Amino acid sequence: MSEFNVNEIAEKWKDVPGSLIMALHELQEEVGYIPRNEAMKLATAMNISLARIYEVITFYSFFKLEAPGKHKIQVCMGTACYLKGAQSLVDEFKNQLKVDEGCTTSDGNFQLEIVRCVGCCSIAPVVVVGEKVYSKVTPDEVSAIISEYE
Amino acid sequence: MGIIQKDELEKIQGNMAEKENTWIKVGMATCGIAAGADKVYNYLKSEVEKRGLNIEVRTAGCIGNCYAEPLVEVKAGGKQIMYNLVDEEFAGKILDQHIVQGEAVSGSTYVESADLNPGQMRIALRHCGIVDPESIDSYIYNDGYIALRKAITESTPQGVIDEMKASGLRGRGGAGFPTFLKWTFGAKSKGDEKYIICNADEGDPGAYMDRSILEGDPHAVIEGMMLGGYAIGANKGFFYVRAEYPLAIRRLQKAIDECKGYGIIGNKIFGSDFSFDIEIRLGAGAFVCGEETALIASIEGKRGTPSPRPPFPTDSGVFGKPSVINNVETLSNVSAILLKGGEWYGSIGTEKSKGTKVFAVTGKIKNAGLVEIPMGTSLKTVVYDICGGIANGKKYLAVQTGGPSGGVITEDYLDTEISYESLGELGSIMGSGGMIVMDEDDCIVDIAKFYLGFCVDESCGKCSPCRIGGQRMLGILEKITDGHGEIEDIQKLKKICEAMKKASLCGLGQTAPNPVLSTLRYFEREYIDHIEKKSCRAGVCQKLLQYKILLDKCKKCGKCQKNCPVDAIEGDRKSEFVIDQDKCIKCGLCVTSCPFDAVIKE
Amino acid sequence: MINVKIDGIDVQVEEGTTILDAAKKVQVNIPTLCKHPDVTATAACGLCVVKMVGSPKTFRACSTPITKFEDGKEYITRDAELVDIRRTVLELILADHPNECFTCGRNNNCELQKLAAEFGIRDIPFEPKDVDHTDDDDSTCTIKLEPNKCIKCGRCVEVCQNVQDVHALCFMGRGYDTAISPAGENLSLADSPCVRCGQCSAHCPTGAIFEHDDTRAVWDILNDDKYYTTVQIAPAVRIALGEAFGLEPGVNLTKKIYAALRRLGFNAVFDTNYTADVTIMEEGSEFISRFTKGTAPLPLITTCCPAWVDYMEKYACDVMENFSTAKSPQQMMGALIKSYYAENKKIDPAIIKSISIMPCTAKKYEIQRDENMKSVSDIQDVDIVLTTREFSRMIKQAGIDLLTLADEEADSILGQYTGAGTIFGNSGGVMEAALRTAYELITEKELNNVEFQAVRGIEGVKEAVIDIDGISVKVAVASGLGNVHFLLEKIRAWKEAGSNPETIPWHFIEVMACPGGCIAGGGQPYGVQDTKRIKRIEGLYTDDKQSEFRSSHKNPMVQKLYSEYLGAPLSEKSHHLLHTTYTCRVTYKK
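Residue numbers (the numbering used here), protein chains in the order written: chain A, 1 to 150; chain B, 1001 to 1602; chain C, 2001 to 2590.
It is worth saying that the hints were derived from the structure and are not from the lab.
These numbers were taken from a predicted model, which means no experiment stands behind them.
Backbone N, C-alpha and C fix where the C-beta goes; we use that ideal spot for every residue, glycine too.
Treat the hints with care, since some could be wrong.
Simulated coverage check for chain A against chain B, where a stretch passes if three residues somewhere in it have a Cβ under 8 Å from a Cβ of chain B [to be verified]: (1) 7-21; (2) 36-43; (3) 59-65; (4) 100-113.
Chain C is faced by these chain B residues, among others (derived, beta-carbon under 8 Å) [as the list claims (entries may be wrong)]: (5) Phe1312; (6) Ser1459; (7) Pro1465; (8) Arg1467; (9) Glu1478; (10) Lys1556; (11) Ile1585; (12) Gly1588; (13) Val1591; (14) Pro1595.
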């Protein structure tokens, strides 16, 4: 984190037309979310108003305004997953982690998210933790998934 | 090899040919990896090295038979075989028996590669599972970039458009606009700079054709884009890809870099006057960005809100320049069409819907996966012959096509031959290729609510018919599934549907009512049962369920009472146990805790 | 030209004309809530849908241009289906809007209310939404946001970002949760770059943005005998107030306004036009001094407009040295009332309550912007500012029949004004007034034609080279903050290149934040657009033409002020009372 400098991102993108979203992707990749002070620095460095930046980050569900949990648990709620019981997985995760959708556990270790289709419909229902995809998950398997990251 | 010359594609093909006699391929798309393909791949790779076997272990993209992942295909000993459901142990057997002894591994499920995909015709997916998506040479070996070279060195932009016209290819993103016409508009539009954009913002929840193609055959899409760019006079292309597809993005970027290395992307390609550059732009989680004007706004780094048309993107698109937007599947067809001729492609399919279409068949289907079928194939063939019918012996309820913009097709219409026109007549749409199979355990009102919930979440919020209309419709559906529906709610739903269809600015809002209208058209009875009888046929709508204790089966053990988290079960071991319906939260713990199956839900 | 039919009526339009405008040409008004002539159509409300014969689609009339491909086509703007669709859309918008018309800032003046009345909505079939007023934002004490009443038409965002280049308001979130607010979570307007110009409130079709209402405080003061109450009216108020009483824009009601103010109970009625003349004496002298003696850097930039001053302090702090130090006419009046006038009348300034009637919301902020606004001991020079809209309501509350009142005059010694003072209310007016005086003071010759046409009109940027007896003075006039960028960039480039006096882009620059100037200020009667702006401006130039004196330095009462009290322009006393300083400010406080 100490070596990260938002100005480098701005430098890379500021002359590429329409590249705000790309710059925000890189910023979030580095920090995990879009902190307000970094957004302000980016606005200055890219000569874009903060209003434009907030319009974009609050429009796209990918961008986060708050620090994420250490492990992001994404339960896919695409149609195939929904039909195959993704809701019961969400309920189970909520129950076991004691958090609501979109929230982070009090110890900051887990963040529970619902996502719209990760494109793995044939192996539904799907849970993604970090970059690892779990297929054909049943509610019984939820505790095992959680314990992998505790 | 640096920049390659016009005649060097064949040289690469020659070099590759030697390696094509024997190999092992592991299906390594996102879903394959999820199923454990990476472990199998690593195992095979290290074992082959350890044992000093003279065979190359390669990656391939999505093979399509996703239900049988991880998939390993082997060409050795004169046999080419696709092994299903391979784990490390089984992979060991493959090495022992097939590679070393030249015998197919017995006692396993496998298919001779030649017998793969009966009933299908693979054009868009022609290389998926065949080429190594991370090797441009592998693509060139499969006649890659030959069509591009031919077009830019021997043909004209109009020549390319003419072939497309003869092919009859229509946009595979859903709307079905003739590709040649879009390109003609783009070509005629005046501008010092033009863009061609590949829409890879696959948004339909329940469809993954585009992901599979990008992960399995990125070069085909690049080549299609460049041919389109040449046809319309664009020197720059954008890929707009969902950020949720990291593997696709990685492979696409690698493919672009490889092209640059060979000079296939660059200046004066193959010595012609045609120059081209490609940039990837990432989406950031907004379904509406699949809509062309919203996609343009997003590429420009803005909120992805649609704008009125006209002006059409072909006149004024990205940065106000003429822009043609094509879907991934559309573009992946292009080089095949140019190699084999538009007439060949046009001979496939129905009169108005030509060629083939890829569907992601998922849901309650036995063999879920990607299928590519000639237009005109019946739904029944897809569901029952190709995909093995409904899973677990359940009864067919409906097939849903077109995702959140589409509708349902009931059993009565299973013989329908798939085309843009026929699906439209049934109140659904072709869509991008999501095909969700539903069985008797699915509640149609719940499905409508699911799709509408999706559209409400994904509405950009700009125009009031969609923003408020969708939200109020969702409210009504929730009311109905919660058991508080009134019969006039159906009229209200229809009223909002009409206004949304006609007054919404973009396709998302205009089509968001389709799942509701379509289910009302075929299943109005289910809505009425939810409202009047307060009952859900499928037992999905929790709030309409009632748990009951069957007194004749009850042995009065009291376990249900002990397990009930809200003390909703009254009575004691001397009298009888009864569930207080007002207190019951329908958690179902009483059912699972009863040793005598005396608690039922109805 | 393209020929189309609207509801069977032939109409010929230029290519690119929208269906909405084409329909207007043949007396067809298509309903819309989001389209405003001042801003790009956002196509948000969904009410203006029309059909084209032979097409299955519907079109948004507000934003669909008629092109050569539509030649010969016919549009249908009304049929049973369209009326049904519009009604449903309207019902949906109303279902999402609090049913609070009686207590709303826009009651009787609301575009949504008007449409609901026209469509005869008697029942809203859809669930009403929960209303939560905790989100209301009155942090600026000038403009109040009530997000519950927002219909998300986006006019305010268009105005704030694209017309004014302020970017205080933006769209946040998406879908049903879309909201319009400053850029940040729970960020109030006061912590944002807002310059309080109020153009958002002037363009909002509903009661979601309106002026902070101070009428009650003014009533309290008027009812309290311990105060000596004074009032001033700004130039632009006189030609717009009539609109709130059914008159055409541009009708000059100066003398009836004086009468009404007396009836309301003010002890002394003054006119800001008088201190506009004083401003010319100070600012004009400042210009002459910078121009002829080089006492401070050129170009000189006017500072009558508080929104512009705020904007400069936030966005263009680097040109601060170019700002005139002269206070605005309102603040000069405030300072003179509690000093010169109080001394003259032997009234303790502490008991004076100084009210001003302004076309502007930013003026409410100006009175308390810093210590310079307290010239006499530590009391504010101006106590309360009412916008024209609030003032019109006060007159109605008092039951005063404004239009039939007998004309009255303003009070001495701060009431007499010249034509130069009155044109301060429109873009170019300050420049023209300054040039009239500067010419005569520099050349010591009589100016034959006092009308400088080149700086008149509603264009966003006007440039001219004025010949002052052989010396060329390059001037620029900008209105609408979005037009300032062009000027600033040129000045910055010139400074970067070494500030060569030969190549200076302009010597003197006038800026007004609102497009067209104060006549279209954020506190003026609703419904402003260019046709109204032009009429209001005409009203002021007519007032100028009919004035006995047309140059500020000829105002006898101004001459008296200097001879009796201030000495000369830019004197020490002038500096203390009539000049101010500036500071750089952050755009976001959080």
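Hint check results:
Restraint check on the segment 7-21 of chain A versus chain B: 5 residues with Cβ-Cβ distances below 8 Å, three needed, restraint holds. Given as covered by chain B, the segment 36-43 of chain A fails the check, having 0 residues with a CB less than 8 Å from a CB of that chain where 3 are the minimum. Restraint check on the segment 59-65 of chain A versus chain B: 5 residues with Cβ-Cβ distances below 8 Å, three needed, restraint holds. Note: the segment 100-113 of chain A has 0 residues with beta-carbon separation from chain B under 8 Å; the three-residue rule is not met and the coverage is violated.
With a cut of 8 Å, the hint placing B/Phe1312 at the interface with chain C is violated, because the nearest CB-to-CB distance is about 10 Å. Here the hint on B/Ser1459 is kept, as its CB sits about 4 Å from the closest CB of chain C, short of 8 Å. Using the Cβ-Cβ criterion of 8 Å, the hint placing B/Pro1465 at the interface with chain C is satisfied: the shortest such distance is roughly 4 Å. Among the interface hints, the one on B/Arg1467 holds; its C-beta lies about 6 Å from the nearest C-beta in chain C, closer than the 8 Å criterion.
With a cut of 8 Å, the hint placing B/Glu1478 at the interface with chain C is violated, because the nearest CB-to-CB distance is about 11 Å. Among the interface hints, the one on B/Lys1556 is violated; its C-beta lies about 46 Å from the nearest C-beta in chain C, farther than the 8 Å criterion. Annotation: interface hint on B/Ile1585 violated; nearest CB of chain C at approximately 25 Å, more than 8 Å. Hint on B/Gly1588 is violated. Least Cβ distance to chain C is approximately 31 Å, over the 8 Å limit.
A cut of 8 Å between beta carbons decides the hint on B/Val1591: the least distance to chain C is about 34 Å, and the hint is violated. For B/Pro1595, the shortest C-beta to C-beta distance to chain C is roughly 45 Å, which exceeds 8 Å, and the interface hint is violated.
Checked against the numbered hints given earlier, this structure breaks hints 2, 4, 5, 9, 10, 11, 12, 13, 14; the rest are met.
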